[in-house]
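With chain A's structure known, arrange chain B on it following the hints.
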Amino acid sequence: MNLLKPISAVFAFAVAVAAFGADQPSVRVEPSSLQGPRQLQQQTAKAAVQDYLEAWAVLSKAMSQNRPGLLDQGFIGDAQDKLAATIKQQQIAGVHTVYRDKSHDVKILFYSPDGLSIELADAVQYDVQLYDQDKAIGTEQVQARYIVVLTPTEVRWRVRIFQAQSE
Amino acid sequence: MKAGLPLLVAGALVMSAASAQSGNLNVPATIQAGAAFSIQCGGSGKATLYIVGPSQMIKRDVQLGEAVSFPAGSVGNAGHYVVFLSSAAGNESGALDVLPAEKPADLTFIAKPSRLPVSLQGAITGAAYVFDSYRNLITKPQSVSFELSNPSSPTQTHTVQTRNGAAWTQMDSSKHEGKDQFIARIGAVTSTRIVNQVPGDPCSLKMNAKSEGGKIQLQTDPVRDCSGNAVPDGTIVTFTESYNDTRSTVDVPLKRGVATIAMPAHRGATISVASGVVLGNQIRWDQ
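Chains as they are written, first to last, in numbering that gives the first Met the number 0: chain A, 0 to 166; chain B, 0 to 286.
With the rest of the complex left out, here is chain A (with noise of 0.2 angstroms):
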């Protein structure tokens, strides 16, 4: 199968990505099993990986500032939508979270005949914090597997499909 070669790629990528400096997330990015009559190409997988990387710092800003106008960076559709809403349940209960994630290891699962949409795994380790009135009222620590579709926008990949699953 000729999918063989673009995995590869994708694998070629880690290495790149993990190389970060010290404040950003450790990143992994495992060879792909892709299913799709597709061929993506490094280049793509990379700008896919690197878009959906920043949506979390995104997310982070606009749940921890509460500014659901943020968002629109980084995300559209349906995970816009719910991510506004939260931040909108935030700022009437007085709250606000700050997500600080800390280590990705991710998957691209599925690259869309149509090239419209990219699906991946992500098994996430990030850090919550809770304030009320700017009261700490705890940090949990989370691992959890992400699947996320992102779809090609003017200038980069959007995340609109943003769902946590259990491990």
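FYI, nobody ran anything at the bench for these hints, they're computed from the structure. Keep in mind that a hint or two might mislead.
Stated by the list, open to error - Non-contacting residues of chain B with respect to chain A, defined by C-beta distances greater than 10 angstroms in every case (computed): (1) 96; (2) 146; (3) 195.
Stated by the list, open to error - Which chain A residues face chain B? A few, computed with CB under 8 angstroms, are given here: (4) 36; (5) 75; (6) 77.
Computed from a prediction, not measured in an experiment: that's the story for all the values here. We treat Cβ as the ideally placed atom computed from N, Cα and C, and that holds for glycine.
Then chain B, alone, in the frame of chain A:
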């Protein structure tokens, strides 16, 4: 309170036997999206309960020592939630996983292309994502049926198991032009797209010639693709006349399925016809 009881019972049915406990806080480990559930908060006095996730946040003032009930529909978005209980005695936490509902309620279906020539193998693709009624992606495998049909061709059906909520298929375009219905179906949920199938390139070309008013009147037979569909009007047919060292070429669009042109009559001229990559017959004019 009476109305809430059946909801609580329903919630109890879908709760996992396991639950996340932390001191006085007893949280079900998993629930299904939209199901009723309850959280036990031991102790006495007042406290604040928070259910925190990226997709939803709930804050509730609670009385310790009582079960806090959440009616059906309280938490509809699948995901991982952290539960915090804050009281004068201190803070506690637990975790709650909300799973997608099992019953599919919606499909996102993308079919490509929306227009293509007939008789191409594997040229139509469809991809579908399966959702529950809360727009959670259902990641448990489900059977999605893809059907491509038109009145004049046998229906193509492929049944595909979803993997991680996604399924895809490839179909052949049919032999006859027309608007095909491309349907993705899961249970009673369907999503339909129209794929417009147009005739392919001309399969063969044949022209006839006759003398008319001192010119050669040329006309093709009706131009069809290899499946017998009439090639659309506007398709260009090229007539070329070669005489001594002179060569004249005229592009003529099909009108009502045929191309017609009058060219100068020269004894010994050779006239050929072509459309795209298809070469038709050749006529030598000896009159």
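Status of each hint after checking the structure:
no.: 1; hint: 96; verdict: 4 angstroms, violated
no.: 2; hint: 146; verdict: 17 angstroms, holds
no.: 3; hint: 195; verdict: 16 angstroms, holds
no.: 4; hint: 36; verdict: 6 angstroms, holds
no.: 5; hint: 75; verdict: 13 angstroms, violated
no.: 6; hint: 77; verdict: 5 angstroms, holds
Going down the numbered hints, you'll see the structure goes against 1 and 5, while the others check out.
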